[in-house]
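Each chain, letter by letter, is given below.
Protein chains: 2
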Amino acid sequence: MPQTPWVFASRMDNVRRSFIREILKVTADPSIISFAGGLPQPGLFPAAALAKAAESVIAGSGSESLQYSTTEGDPELRRFIAGRYKLRFGLDVDPDWIIITTGSQQALDLLAKAFLDPGDGVLVERPGYIGAIQLFSLFQAEFASVPLDDDGPDPEALGAALSGPAPKLFYSVPNFQNPSGITWSKARRELAAGLLADSPTILIEDDPYGELRFLGEHQTPLYALRPERTFLLGSFSKVVSPGLRVGWLVADPESRVKLVTAKQASDLHTSTLAQRILVRYLAENDLSAHVESIKSAYRRQRDLMVARIEELFPPEARCTRPEGGMFLWITLPDGVSAYDVFDAAIKEKVAFVPGGPFFVDGTGANTMRLNFSNSDEERIDVGMRRLAACLDKVLSRPSSCGAAS
Amino acid sequence: MPQTPWVFASRMDNVRRSFIREILKVTADPSIISFAGGLPQPGLFPAAALAKAAESVIAGSGSESLQYSTTEGDPELRRFIAGRYKLRFGLDVDPDWIIITTGSQQALDLLAKAFLDPGDGVLVERPGYIGAIQLFSLFQAEFASVPLDDDGPDPEALGAALSGPAPKLFYSVPNFQNPSGITWSKARRELAAGLLADSPTILIEDDPYGELRFLGEHQTPLYALRPERTFLLGSFSKVVSPGLRVGWLVADPESRVKLVTAKQASDLHTSTLAQRILVRYLAENDLSAHVESIKSAYRRQRDLMVARIEELFPPEARCTRPEGGMFLWITLPDGVSAYDVFDAAIKEKVAFVPGGPFFVDGTGANTMRLNFSNSDEERIDVGMRRLAACLDKVLSRPSSCGAAS
Chain L
1 MPQTPWVFAS
11 RMDNVRRSFI
21 REILKVTADP
31 SIISFAGGLP
41 QPGLFPAAAL
51 AKAAESVIAG
61 SGSESLQYST
71 TEGDPELRRF
81 IAGRYKLRFG
91 LDVDPDWIII
101 TTGSQQALDL
111 LAKAFLDPGD
121 GVLVERPGYI
131 GAIQLFSLFQ
141 AEFASVPLDD
151 DGPDPEALGA
161 ALSGPAPKLF
171 YSVPNFQNPS
181 GITWSKARRE
191 LAAGLLADSP
201 TILIEDDPYG
211 ELRFLGEHQT
221 PLYALRPERT
231 FLLGSFSKVV
241 SPGLRVGWLV
251 ADPESRVKLV
261 TAKQASDLHT
271 STLAQRILVR
281 YLAENDLSAH
291 VESIKSAYRR
301 QRDLMVARIE
311 ELFPPEARCT
321 RPEGGMFLWI
331 TLPDGVSAYD
341 VFDAAIKEKV
351 AFVPGGPFFV
361 DGTGANTMRL
371 NFSNSDEERI
381 DVGMRRLAAC
391 LDKVLSRPSS
401 CGAAS
Chain R
1 MPQTPWVFAS
11 RMDNVRRSFI
21 REILKVTADP
31 SIISFAGGLP
41 QPGLFPAAAL
51 AKAAESVIAG
61 SGSESLQYST
71 TEGDPELRRF
81 IAGRYKLRFG
91 LDVDPDWIII
101 TTGSQQALDL
111 LAKAFLDPGD
121 GVLVERPGYI
131 GAIQLFSLFQ
141 AEFASVPLDD
151 DGPDPEALGA
161 ALSGPAPKLF
171 YSVPNFQNPS
181 GITWSKARRE
191 LAAGLLADSP
201 TILIEDDPYG
211 ELRFLGEHQT
221 PLYALRPERT
231 FLLGSFSKVV
241 SPGLRVGWLV
251 ADPESRVKLV
261 TAKQASDLHT
271 STLAQRILVR
281 YLAENDLSAH
291 VESIKSAYRR
301 QRDLMVARIE
311 ELFPPEARCT
321 RPEGGMFLWI
331 TLPDGVSAYD
341 VFDAAIKEKV
351 AFVPGGPFFV
361 DGTGANTMRL
371 NFSNSDEERI
381 DVGMRRLAAC
391 LDKVLSRPSS
401 CGAAS
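Residue numbers (UniProt numbering), protein chains in the order written: chain L, 1 to 405; chain R, 1 to 405.
Please keep in mind that the hints were generated in silico from the structure rather than gathered at the bench. Be a bit skeptical, because a hint or two may be false.
Intra- or inter-copy, both count: the list cannot distinguish identical chains.
As the list claims (entries may be wrong) - Subject to a maximum C-alpha distance of 20 Å in a straight line, what follows is the list of computed SDA-like cross-link-like pairs (lysine to any residue):
id: 1; residue 1: 186; residue 2: 6
id: 2; residue 1: 186; residue 2: 159
id: 3; residue 1: 86; residue 2: 207
id: 4; residue 1: 52; residue 2: 366
id: 5; residue 1: 86; residue 2: 225
id: 6; residue 1: 295; residue 2: 63
id: 7; residue 1: 349; residue 2: 216
id: 8; residue 1: 25; residue 2: 95
For clarity, every value in this text was computed on a predicted model and none was experimentally measured.
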């Protein structure tokens with residue numbers, strides 16, 4: 001009997017598999033030096049302390065740590081997160097406003113479930129985080145985008161985007177953004193908060209990298225400047241371990257009820273065990289000291305990558321100079337294709353992510369994302385020399401490609 | 001400045017918080033003997049073995065077990081699951097067809113994302129699993145339902161439900177159903193497979209309890225009888241630990257691509273650590289032997305609960321006699337309200353779940369769900385005596401209420 005074809009939901013029409021995932025398959029070859037992924041450096045995971053915490057919460061209180069638990073998340077973990085906002089920013093967050101999520105990616109899913117009807121407008125940064133673009137595509141958002149400069153969203157473009165029909169959501173990563181490494185300045189934060197003050201637009205402030213600042217001063221969260229319609233997201237993925245899949249969302253009491261309902265339907269609750277391991281780890285270890293060790297390694301790696309760009313890259317390749325996080329961003333001259341650079345680079349056993357998929361308006365073909373967190377200094381040195389040679393080649397200096405590798 | 005009210009997505013209109021969750025708050029009082037929850041017995045969690053597995057996968061391979069991992073899930077874990085289908089049923093499942101999910105609840109979310117447009121028809125059992133009803137409500141399904149008798153879905157009603165305009169999905173729990181404890185007989189499975197053979201309706205066969213059969217013979221999964229448009233779901237929650245949040249979904253290659261995309265957008269992947277702990281635990285321990293110990297405890301508890309019903313309950317209260325799982329189901333005479341019984345029972349410090357919320361057609365006010373997995377024999381004995389007295393009272397034998405407690 002011939003099978004009739006599957007009929008998928010219309011929301012699946014616009015969603016493709018992540019281009020980055022496809023690239024990561026290519027770069028699974030260990031001989032390739034990859035600046036493509038977005039992984040924290042696994043050598044910095046506090047494995048011994050987490051092993052001890054895990055053994056102790058399971059053996060000591062398995063009846064709780066292995067059982068079902070509340071959808072809102074572990075109360076002790078929510079108190080820790082609230083305490084850390086107080087410590088870092090003097091910010092008062094009621095632990096009851098925090099919902100623990102299965103990674104901060106899930107917070108996006110819950111917000112979309114609670115707020116997005118098909119065709120609702122979603123404003124994103126240009127470039128923007130691809131996981132958010134993918135998720136909001138699944139909820140049939142109509143995208144608009146605001147370009148970023150070195151200080152954050154372009155003021156004029158942001159004003160224009162918020163002054164017409166208000167977008168339902170504005171999704172942003174104001175600290176050390178993925179993919180660009182850009183951080184919103186104080187002035188831009190105040191400008192955005194002012195523009196949003198009278199607006200019904202919901203701001204999603206996604207902050208997975210904020211703790212990882214190794215240059216300059218911490219910036220006040222937008223949530224502190226405009227709390228009414230802002231959801232602040234965080235994650236333990238970059239400061240403890242992504243494999244635990246524990247993130248969170250700060251929500252006002254009214255929308256919290258809807259978000260908890262959405263979470264309950266989505267996965268009942270986040271792993272009790274992962275939450276209890278974190279609670280124990282955080283009680284018995286100094287997170288700030290651990291974060292310092294991550295920052296010190298990432299800073300060295302970032303400095304080396306920037307130094308090699310300044311020494312070796314053709315001057316037409318402009319790069320961001322991130323003050324933290326895990327990524328930097330290269331913009332090539334108009335008309336130059338980062339895909340051509342990618343093809344040349346793979347032949348020379350070095351990889352990165354072409355920036356086009358981070359743009360919702362189809363531009364960005366001349367951009368590149370480089371990750372510096374997950375390569376040691378030796379590989380950064382070798383990889384950046386290879387990449388410089390490939391760039392020279394694509395920018396019409398064919399003699400040097402491959403020579404430096 | 002006055003705040004404009006939140007505007008939630010239209011999908012939130014029909015979704016209420018789980019009634020069961022509200023009940024569980026009432027029953028948090030430890031002096032109440034609760035048959036209301038749906039928890040496995042925590043004393044049976046293999047805590048020592050899991051503690052050892054956790055310590056060893058984190059300390060021994062933290063770089064992998066604490067890192068991001070693939071959306072599809074751990075390959076070793078998927079091979080284990082496939083191997084178990086082969087062992088239990090002689091069923092060939094390619095490990096590549098399995099997607100690991102954050103509990104089997106997430107499998108419902110992914111299937112709804114991939115297949116459900118607003119207004120699509122979803123057929124559920126009557127009574128049906130409330131977590132599925134809640135999730136499909138969120139995706140704006142139009143529900144129809146088929147009543148269950150002791151052998152599964154009523155044949156005539158099932159025929160009628162599948163012969164009109166085909167529902168997009170048919171959601172079922174054919175083994176030891178939550179809430180009723182009912183198992184589909186061999187004949188009903190064959191009937192359903194026949195009715196579905198020529199139908200475009202997608203069958204979701206949710207099987208969280210199937211391993212926990214303590215009476216009778218294992219039944220062939222519907223997936224084996226009608227594989228083309230059936231998604232088979234499973235979970236480690238009832239046989240190892242629910243706190244890990246690890247379930248799975250068996251999908252054909254074409255829809256698998258869509259489901260993986262939906263999962264990636266939803267939470268990137270299920271906890272690497274929880275998956276690696278399970279892989280280690282399953283390699284070093286005999287799951288079948290562990291399942292035997294769970295079954296033996298649950299069987300004793302179920303037998304005692306059924307015995308007390310037969311001895312003490314008024315004969316008008318009919319109960320199912322589950323051959324496995326965690327629940328049994330009471331049907332009171334028409335016109336008797338299980339909510340009245342609930343109110344009386346709470347005063348006597350015993351709790352259960354009134355069955356109404358498990359019915360999508362507004363009926364079922366005269367039904368009750370009792371959980372037998374999470375109370376020891378002493379509490380079952382005391383609790384069932386209290387409940388019998390309350391039932392007597394509500395069924396107009398006022399003299400005895402409370403006397404037996």
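Outcome of the hint check:
For the identical chains of this complex, residue 186 and residue 6 are neighbours neither inside a copy (51 Å) nor across copies (28 Å), given an alpha-carbon limit of 20 Å. For a Cα distance limit of 20 Å, the shortest separation of residue 186 from residue 159 inside one copy, 17 Å, qualifies, whereas the shortest one across copies, 66 Å, does not. Taking identical chains as interchangeable, the C-alpha atoms of residue 86 and residue 207 lie at most 20 Å apart only when both belong to the same chain, with a minimum of 16 Å there against 45 Å between chains. For the identical chains of this complex, residue 52 and residue 366 are neighbours neither inside a copy (47 Å) nor across copies (50 Å), given an alpha-carbon limit of 20 Å.
Taking the closest pair of Cα atoms, residue 86 and residue 225 come within 20 Å of each other only inside a single copy of the chain (15 Å); across copies the shortest separation is 58 Å, beyond that limit. Proximity of residue 295 to residue 63 under the C-alpha cut-off of 20 Å is restricted to the inter-copy arrangement: shortest distance 18 Å between copies versus 37 Å within a copy. Within a single copy, residue 349 and residue 216 get their C-alpha atoms no closer than 34 Å, and across copies no closer than 60 Å, so neither meets the 20 Å cut-off. Within a single copy, residue 25 and residue 95 get their C-alpha atoms only as close as 40 Å, which misses the 20 Å cut-off; across copies the closest is 19 Å, which meets it.
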